[in-house]
Each structure stands twice: as structure tokens, then as C-alpha cells.
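Novice: Listed below, chain by chain, are the residues.
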Amino acid sequence: MVFSNKPLQFIVTVLVACLPLFSSANTPTDSVAAKTEATPVEATAHGEATTHEKHEEPTDLKSKINAYINHHVLDAHEFSLFEDEATGKHYGFPLPIILWDNGVHIFSSSKFEHGHAVAESNGNYYKLGHDEKIYKTDAAGTLTGDEHHPTNAKPIDLSITKAVFSMMLVALLMFLLFKGLAKSYVKNGGIASGFGRFFEPIVLYVRDDIAIPNIGEKHYKKYMSFLLTVFFFIWFLNIIGLTPLGINATGNITVTACLAIVVFLITNLTANKNYWGHIFWMPGVPTPMKFILAPIELLGVIIKPFSLMIRLYANIFAGHIVLMSLIALMFIFKSWLGSSLSFLLSFAISSIEILVALLQAYIFTMLSALFFGAAIEEHHHEEAHH
Amino acid sequence: MNIPRIVGAGLVVIGAGIGIGRIGGSAMDAIARQPEASGKIQTAMLIAAALIEGIGFAALFAVAEN
Chain L
52 MVFSNKPLQF IVTVLVACLP LFSSANTPTD SVAAKTEATP VEATAHGEAT
102 THEKHEEPTD LKSKINAYIN HHVLDAHEFS LFEDEATGKH YGFPLPIILW
152 DNGVHIFSSS KFEHGHAVAE SNGNYYKLGH DEKIYKTDAA GTLTGDEHHP
202 TNAKPIDLSI TKAVFSMMLV ALLMFLLFKG LAKSYVKNGG IASGFGRFFE
252 PIVLYVRDDI AIPNIGEKHY KKYMSFLLTV FFFIWFLNII GLTPLGINAT
302 GNITVTACLA IVVFLITNLT ANKNYWGHIF WMPGVPTPMK FILAPIELLG
352 VIIKPFSLMI RLYANIFAGH IVLMSLIALM FIFKSWLGSS LSFLLSFAIS
402 SIEILVALLQ AYIFTMLSAL FFGAAIEEHH HEEAHH
Chain S
78 MNIPRIVGAG LVVIGAGIGI GRIGGSAMDA IARQPEASGK IQTAMLIAAA
128 LIEGIGFAAL FAVAEN
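Those protein sequence lines, which keep their order, are chains L and S. The numbering used here numbers the first residue of the first sequence as 52 and each following residue consecutively. The numbering used here numbers the first residue of the second sequence as 78 and each following residue consecutively.
Among the clues, some could well be false.
To be verified - As a list, the in silico DSBU-like pairs of lysine-lysine whose alpha-carbon atoms are at most 35 Å apart:
{"no.": "1", "chain 1": "L", "residue 1": "230", "chain 2": "S", "residue 2": "117"}
{"no.": "2", "chain 1": "L", "residue 1": "113", "chain 2": "L", "residue 2": "341"}
{"no.": "3", "chain 1": "L", "residue 1": "355", "chain 2": "L", "residue 2": "205"}
{"no.": "4", "chain 1": "L", "residue 1": "385", "chain 2": "L", "residue 2": "140"}
{"no.": "5", "chain 1": "L", "residue 1": "269", "chain 2": "L", "residue 2": "238"}
{"no.": "6", "chain 1": "L", "residue 1": "238", "chain 2": "L", "residue 2": "205"}
{"no.": "7", "chain 1": "S", "residue 1": "117", "chain 2": "L", "residue 2": "355"}
{"no.": "8", "chain 1": "L", "residue 1": "162", "chain 2": "L", "residue 2": "187"}
{"no.": "9", "chain 1": "L", "residue 1": "324", "chain 2": "L", "residue 2": "272"}
{"no.": "10", "chain 1": "S", "residue 1": "117", "chain 2": "L", "residue 2": "341"}
{"no.": "11", "chain 1": "L", "residue 1": "234", "chain 2": "L", "residue 2": "113"}
{"no.": "12", "chain 1": "S", "residue 1": "117", "chain 2": "L", "residue 2": "273"}
{"no.": "13", "chain 1": "L", "residue 1": "355", "chain 2": "L", "residue 2": "273"}
{"no.": "14", "chain 1": "L", "residue 1": "269", "chain 2": "L", "residue 2": "341"}
{"no.": "15", "chain 1": "L", "residue 1": "113", "chain 2": "L", "residue 2": "162"}
{"no.": "16", "chain 1": "L", "residue 1": "324", "chain 2": "S", "residue 2": "117"}
{"no.": "17", "chain 1": "L", "residue 1": "269", "chain 2": "L", "residue 2": "234"}
{"no.": "18", "chain 1": "S", "residue 1": "117", "chain 2": "L", "residue 2": "269"}
{"no.": "19", "chain 1": "L", "residue 1": "324", "chain 2": "L", "residue 2": "269"}
{"no.": "20", "chain 1": "L", "residue 1": "272", "chain 2": "S", "residue 2": "117"}
Hints were generated in silico from the structure; no laboratory data involved.
Bound conformation, chain L alone (with noise of 0.2 Å):
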């Protein structure tokens, strides 16, 4: 267990460096979108009484629970742990908002008041709309167009929104936890204690079933690091999406857009000369082929992380919705058929997404390793074609 620790760190912090640049509040261009589209078209049909005073507090159920799924999937500017609906209480804290308008705004989000009221900062104005952006506007708050896409102003928004801040406390326990452990085997003589015990064998796995058969004995040291901290990134932020938290930073698109970045550099700034040379000009076919192949490959370097992004994206959120859609079975029913069979059914999915967050870590681990090694392969002879 001899890998050196400083690129470790290294990593994780320009991870976090990083991804507040990619992770400002999530576009509304949900699959989900599409039912809260039913919402404005209800109200309009009760009359003209809804201006854009009225604020996400949709009558029945069936929207209400809707509104809340919608509310627990994107990212916030605000921890919100629960509400209560009675007395219109928040509880959870305010976040900081991070402007670029002409200069830097820092003001904490609960001048936005949930989103009722307009935070003011050195002179400017600012709302938070319904979709979790935040607007500029004139003092009254005024928000022009449509009620969901107003034609206001935007901000450069690079606030640490609930997404991360929670990437940052992932970080800062993996941190904390491996320079422990690293610690802890100086001490013990190269032996794991501990947490390392539960630890070692895992990140063993990651090198000896992931690392070492995908990039080959030479050159995996290189990619060891990068490979461990995205692995265990990754299964720490599923982990804590499924606590009652409320978290879903990988089920965020931006988020998994950096992490897939992040992969597409590393495979295309380490490649060698023989990645490229397949790619370009692939040995071995027709000469016509070849310019038919070259366009054809070019792609697959860009659909390859794009596929990590979709894939790692679509199976949290997709998890989220499901589970929360059967807790809310309880509220639809309303007896005890339904509870209890909301009971049975999210808990069996709970389990299943346990497992779903340690296959999903495994699965990008597992396949930008492959992407790795595909990058520098070495160059096969003739015979090894047949």
C-alpha cells in the first residue's frame, strides 16, 4: 500500500475548486419540468388573481407534493432540513450568495427570505425566482415575463448552493478520513487500523480489479489517485443523498459535468501518440476507411465522459424520484393499504439504492479507467491483430 499522498490532496482540491465554477443553480429543463408546466395553466384558469406575489404554494395534493419532489431534486441556495407548514417556519440554514455584477456581491441567502423577499446588496437588487434563480431587479422586485422564465437580468451565479456545500463537507471528511488513515499506517508499521480495515480492502479492490487490468501494471501509479478520490467521492455523495438530509449532488447534471470533465482531460492530456494516431488515422484498414473513421472516433472522445455524465446523472436522479414518489404514496392514499405498502415499497428501493450507489461509483471508476488505459496503450504489432 505504497501510493504517494500529495496528488490525493492535490485532487480533491482542485475538485472543489472547481466545481463551484460548473455548479451554479441547476436549469430548470427537468424531465420533471414538464408536470410543474400543469401548474401555472391550473392557475391562470381560476383568474387573473395570480401575480407573482404567489409564491410555490400550490392547493392540492397531487401539485404540492410535485412542487416538493421538484424542490428536493435541484439544487437550493438555501439547507432547508423541513418545514413546517402551519406556521410557514423554515428550518435549515441560509447559505452564502456569490455575485459577479459589476464586482462581487457576498450576502447570505436568507436576505431572499425563501424567495419572497429582494435582497439588496451595495445598491443592486436581487430575487430569487422559482426556479431556484436568482434575478436582478428594481427595488419592488418586480419580475418581468413569464412567472417560471422571467426576462430578467442574470447574475453570474457562483454561490456555494446546497449541492456545494455538501461537495465541500464530502470533501473535507475524505480528507480528514484518508490523511488518518495514512497516518495511522505510518504508525502501526504499514498495518491498516481502525477504519483502515474497513478501508484497505476497498481501495485494494479499486487497484488490484480496476486500476491494474485497465491500464496495465506500467503506468497505473500515475492514475491511482485520481481513481481513488473520484470512487470514493462519488460513494460518499450517493451515501449521503440517501440520508434524510435532502442532498442530490450527484443527481445534479452540472455536477457530474465536471466530474466528466475532469475525466476528459486527464484521458486526452495523458494520452500518447498511439491514442491519437488510432484516432486520426487508424492503422490496419483501407485508406477510404480511414477518413470515414477519423470523424467516427473524433466523437467517441467526446461521447465517452458524456455518457459517465448522463449515466451517473440519470441513475441518482432517477433513484430520487422514485423513492420520493413512493413516500408520497402515503400521502395520495391516505389509509392504511397505502402506507403500508409505501413503507414496504421505498424501503425495499432504499436497499436497492444502497447497492446502486456503490455500483454507480464502481461503474464510473471502473470505466474511466478504461478510458485511461485505452489513452495509453501501447503500440500493438501486426500479429496481435489476429
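Knowing the structure of chain L, use the given hints to seat chain S on it.
Specialist: The following block gives chain S in isolation, referenced to the frame of chain L:
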């Protein structure tokens, strides 16, 4: 509502399901024939299943995206 989308999503799921089912079944056969190679077979099975799943999800997003 948008029936074509729902039908499309169903078709995507059927296709991905058949694909993953075939991989799983073949892996079971292979493990039954050679239990000592089960580790390698499982790894290959998971990779193939993940690749199909990726395509399935991509199609699902193309279908469900509004």
C-alpha cells in the same frame, strides 16, 4: 398530454431492458459453466450493462426533454 413521448420512453425502456436482461442471462449461463471465472464475468457484465444503460438513458432524455 404528450402520448408519443410516453410511448417513446416505454420503447426505450423495453429495448434497454431486453439488452440488460440478455447480458445478465448470458452471464448467469457463463458463471454456471465456469464458476471459477465468475469475477471476470461479473466485471464484463457490469461494463456491458453500464454501456447499454448509458445509451438507454441518453435516449430517455432525448424523449422526455421538453
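Novice: So, against the hints stated earlier in the document, which numbers end up violated here?
Specialist: 2, 6, 11
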